[in-house]
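Q: Start from the sequences, fold in the hints, and give me the full structure.
If you want the building blocks of each chain, they are given just below.
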Amino acid sequence: MSAAGSLPLRRFAPPRSTWSRLTGRDGALRRLDWPMLLAALALSVLGCLLVYSATRGRTGLTHGDPYYFLKRNILNTVIGLALAAGAVRAGHRALRGAVPVLYILSVLATAAVLTPLGATINGARSWIQLGGGFSVQPSEFTKITITLGMAVLLARQVDSGERSRPGHRAVLQALGVAAVPVLVILLMPDLGSVMVLAVIVLAVLLASGAARRWILGLLSGGVLGCVLIWQLGILDTYQINRFAAFANPAFDPSGIGYNTMQARIAIGSGGLTGAGLFHGPQTTGRFVPEQQTDFVFTVAGEELGFLGAGAIILLLGVVLWRACRIAREATDRYGAMVAAGVITWFAFQSFENIGMTLGIMPVTGLPLPFVSYGGSSAFAAWTALGLLQAVKARRPLAPA
Amino acid sequence: MSNIPESGRTSRVNIRLIVIQILVVSLLVTLGGRLWYLQIRNGDQYTAEAANNHIQQVIAPATRGSILDARGVPLADNQTRLVVSANRTDLMKMKDKGHGVLARLASVLGMKPEDVAVKVRLCDAKTPKPCWSGSPYQPIPITDAATPQQALQIRERAEDFPGITAEPQAVRRYGAPGGANAAQVLGYLSPVTSDEMQKAKQSNSPLVRSDQVGRSGLERQYDAQLRGKAGVTRYEVDNLGRVIGKAKSDKPEPGSNLITSIDARVQAIAERELDQAMKDARQELDRNTGVNYKADAGAVVVMESKTGRVVAMASNPTYDPNVWVGGISGKDYQALTGDNSDYPLLNRAIQAQAAPGSIFKVISATAAVKAGYSFTDKYNCSSSYNIGRQVFTNFESKGYGPIDIGRALEVSCDTVFYDLAYKQWQKDGGNNPKNPKDWFYKTARQFGLGKETGIDLPGEVRGRVPDRDWKKRYWEANKDTWCKQGAKAQPGDYAGQIAKENCESFYRMRAGDSVNYSIGQGDTLVTPIQMATIYAAISNGGTLYNPTVGKAIVSPDGKRIEQIKPQAHGRLPFDAKTRDQLDGALAGVATEGSAAWRFTGWPQKEIPMHAKTGTAEVAGKQTTSWFATYTKDYTVVMTISQGGTGSGASGPAVRNIYNAIYGVDGNGKIDPAKALLPAPQNGLPRIDKDGSIEAAHIDPAPSPSATRREDERPQ
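Residue numbers (full-length UniProt numbering), protein chains in the order written: chain S, 1 to 400; chain R, 1 to 715.
None of these hints come from the bench; they were simulated from the model.
A portion of the hints provided could be inaccurate.
The list that follows gives simulated cross-link-like pairs (lysine to any residue, SDA-like), each with its CA atoms no further than 25 angstroms apart [stated by the list, open to error]:
no., chain 1, residue 1, chain 2, residue 2
1, R, 95, R, 106
2, R, 95, S, 63
3, R, 674, R, 692
4, R, 95, S, 56
5, R, 93, S, 278
6, R, 95, S, 163
7, R, 93, S, 279
8, R, 95, S, 59
A: Written as structure tokens, this is what we have:
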């Protein structure tokens with residue numbers, strides 16, 4: 001359609017329809033970051049296939065329906081997309097008012113996990129069973145609410161123009177907001193989520209423009225905390241074993257070492273092009289535990305080879321690269337902080353998840369964003385993606 | 001515009017965001033690099049590991065080839081037993097986990113259903129025996145004694161018995177046809193070791209825990225050919241070991257059959273005669289020691305003179321190799337190998353060594369000719385020989401006056417050889433040797449002593465030529481012990497005096513050493529197979545053949561036949577004239593010399609017989625009997641440890657072996673119909689189109705009471 005032909009049409013058009021509001025020159029759809037959205041969608045589709053491949057033979061998990069996981073996965077993605085759309089439509093600034101409520105809700109839900117409502121899976125008490133085969137993992141949502149909560153507090157004075165960077169008071173408040181859910185999750189104990197939250201806090205603080213000593217202080221505090229946790233023996237044996245197995249792959253070959261070894265064998269045997277989707281012997285033979293969730297990357301490695309697994313890393317790269325652009329081009333400090341939080345969350349979680357299957361990171365129970373099976377993680381990831389899109393949508397249009 | 005800044009960025013924030021971006025990119029690059037390293041760089045290694053992971057092998061052992069005699073009579077073959085087995089993988093796929101099938105099977109086999117059920121359950125910590133401890137993918141045997149009728153029922157109603165097989169299975173059998181046990185020649189099988197399995201893992205014929213491997217004799221020598229190639233079926237399994245697919249299947253290839261040059265009939269007679277000769281010797285009084293001969297071990301070799309092929313090889317004491325079949329019991333193993341056993345596993349024809357005594361004189365005679373002494377000159381056969389104060393007696397002979405070397409061999413006159421050896425020792429410089437020629441020692445090496453003959457049996461020993469080199473090395477190794485013992489020696493302590501003497505001078509070639517050596521006494525060691533090779537070479541004109549037992553390897557379908565051709569490893573160092581002179585002298589031994597009394601009435605004209613007797617001294621033991629004989633076609637060498645004189649202990653047995661081969665009766669009459677092997681067996685037994693090898697008829701072993709008639713023994 002040429003610009004000359006369309007202008008007269010629009011000029012004499014009746015009040016704008018929903019469709020034209022979406023597709024118009026300054027419409028919401030035009031403002032979306034399409035490469036990022038398509039990359040995330042591609043990851044979700046790949047994830048559906050990989051999860052299906054890993055689960056279709058596991059009658060113990062699928063209750064006899066080989067499509068059980070595929071159906072739920074598609075449903076999760078659709079809900080996730082709806083959440084993302086909601087976030088875009090609301091806009092990240094408009095959400096500001098709802099942040100305190102969302103934050104308190106997520107902290108309560110997280111705390112509820114510690115009550116008899118919670119369920120323990122793989123050593124961590126991170127889930128709440130909802131019945132009907134559904135369960136939520138509230139810690140996934142705290143990744144969003146901590147990002148938003150901190151960003152609200154840190155951006156208040158900056159975006160109002162009062163200061164060029166957040167004051168000490170704001171920083172302290174923000175850290176307090178982060179500390180509450182982190183402590184709760186530490187009690188579960190869900191070390192992986194704590195690590196993700198820690199990098200989110202760090203990234204949001206960095207993007208806020210807070211004084212350097214806060215960053216350095218936080219870093220050294222983190223190191224000190226790690227030493228303390230180790231010294232005080234807060235870690236469970238299973239967590240220590242995971243680190244031991246990471247340091248020495250021959251450790252506990254029938255326990256956690258088995259996981260890492262089988263994961264590495266599955267990926268390594270994929271070669272350049274892989275065994276073909278649904279044709280990986282390691283996957284078909286169910287040698288890798290937790291393959292539909294935390295170890296989903298091994299399915300890609302084995303069945304799709306270096307090309308397929310590399311494509312997943314590349315797609316994640318597209319999402320993160322676009323997100324970094326959004327952060328840098330954000331029109332407000334609040335948006336930059338939200339974007340930075342989401343970027344480090346996705347990046348660290350992806351690195352940790354893929355890294356553990358490749359044997360360069362210790363094993364923790366973190367899903368691969370958009371790819372792993374899991375409702376809570378899919379909802380959280382898509383909502384976060386919606387927030388990134390919302391930040392971008394706020395940007396003034398480049399001159400036509 | 002309001003006072004809200006349109007950009008959330010300051011330069012500080014911007015730099016920080018770029019730092020985050022760089023970190024993110026480097027994390028992703030790290031992942032990509034690691035992925036490349038695992039999948040592309042080390043992909044092959046992980047592919048192999050993955051295959052190990054999910055591929056399970058079921059190995060069907062190949063049927064081992066038979067070992068046949070020269071006429072196709074099986075010396076070692078396989079006995080078929082009907083084995084009914086259950087395939088656990090198939091049973092577990094059924095709705096009732098195979099209970100119904102097993103119950104039906106129990107009723108067909110006449111067993112209790114519980115007994116069948118416990119056989120197919122897998123062993124684990126909680127399961128008491130009986131249970132299956134092998135691979136769950138391997139068919140589990142329910143019984144190995146099914147009747148043909150039961151097997152037929154199971155096979156014809158295959159739909160009622162899914163997962164059940166009734167197959168004949170091969171078990172090794174050493175049939176001792178006609179009484180030819182040949183235990184040490186055949187060898188035995190025993191279960192494979194973990195090391196061997198590890199080694200064979202990457203080969204194209206992997207071994208399984210139940211496999212048997214040849215441990216000695218022909219079973220070991222030709223193990224690779226006899227074993228064949230195991231069939232391998234590869235199953236894909238899941239993490240719990242459940243079969244999810246069949247990957248690859250190779251059928252087992254049965255092993256090749258080995259045709260030997262052994263004639264089971266001659267072998268049986270050789271074994272029987274050796275045993276009888278030893279029993280007889282034990283009835284004989286040894287005048288030197290005042291007790292009967294112990295005759296604790298013996299061996300006999302019957303060889304084709306012109307090819308080195310072994311027609312019979314017996315070693316005594318012996319045993320029944322069937323004790324190994326199906327796993328040897330601890331008690332049996334102790335009886336075969338324990339300190340109190342008489343070591344029946346040893347093949348004394350190739351693994352026992354002793355001084356040769358006078359059968360060595362053919363070497364001394366050749367050495368004398370090489371050294372320049374004429375075969376036909378006269379040498380004084382005195383009754384004893386003095387060197388300084390030492391007196392060397394004429395053991396087996398008396399004084400005959402001046403005789404030639406041929407006559408000296410005939411009557412086994414020691415003093416003639418003493419004289420020749422002493423003179424040669426003096427020529428070589430005596431106690432101060434200067435470029436010694438050492439003809440007597442050099443010649444012994446040229447006759448093949450001091451090294452293996454190269455027979456196709458494992459574990460052959462070398463024997464020993466006690467030349468200057470050896471004496472030096474032996475002295476170095478033992479001087480400390482000797483000197484210590486010699487220093488403490490009291491007058492009258494014979495052993496002590498010897499030790500002292502050895503300490504002082506063993507490294508030297510002493511006159512006494514050379515003199516003793518010339519008649520086959522002292523430190524020389526030979527094996528029966530070495531002497532058989534030498535006498536066969538004298539018979540055939542001088543070619544030292546590598547003795548062979550294997551004659552041909554025939555593929556299971558009979559299409560490929562690999563002949564094992566006779567190979568030579570040297571020639572005797574004499575010219576034709578000397579050979580003929582030796583030949584004549586050895587014929588004289590049989591007709592008018594020291595063996596003549598054993599060959600009374602022998603049809604010498606028709607079948608010229610040659611012989612040499614030997615009686616070797618062994619310190620602290622009774623004498624070793626040696627008897628070496630040959631005709632133009634066969635060479636027979638027998639030895640009995642602590643058995644007495646050569647002709648005395650071994651003579652009748654050797655004569656009986658010849659009688660049987662040529663069909664000669666007690667009076668020297670030849671009956672061609674009774675001759676077992678008047679000429680060596682050329683060619684191979686008939687091989688049918690289906691690859692089976694036709695076996696000639698063989699009479700069963702005679703009952704022990706009918707072994708030997710007294711009148712057959714020549715006196």
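Q: List, from low to high, the hint numbers that the structure doesn't satisfy.
A: Hints 3, 6 not satisfied by this model.
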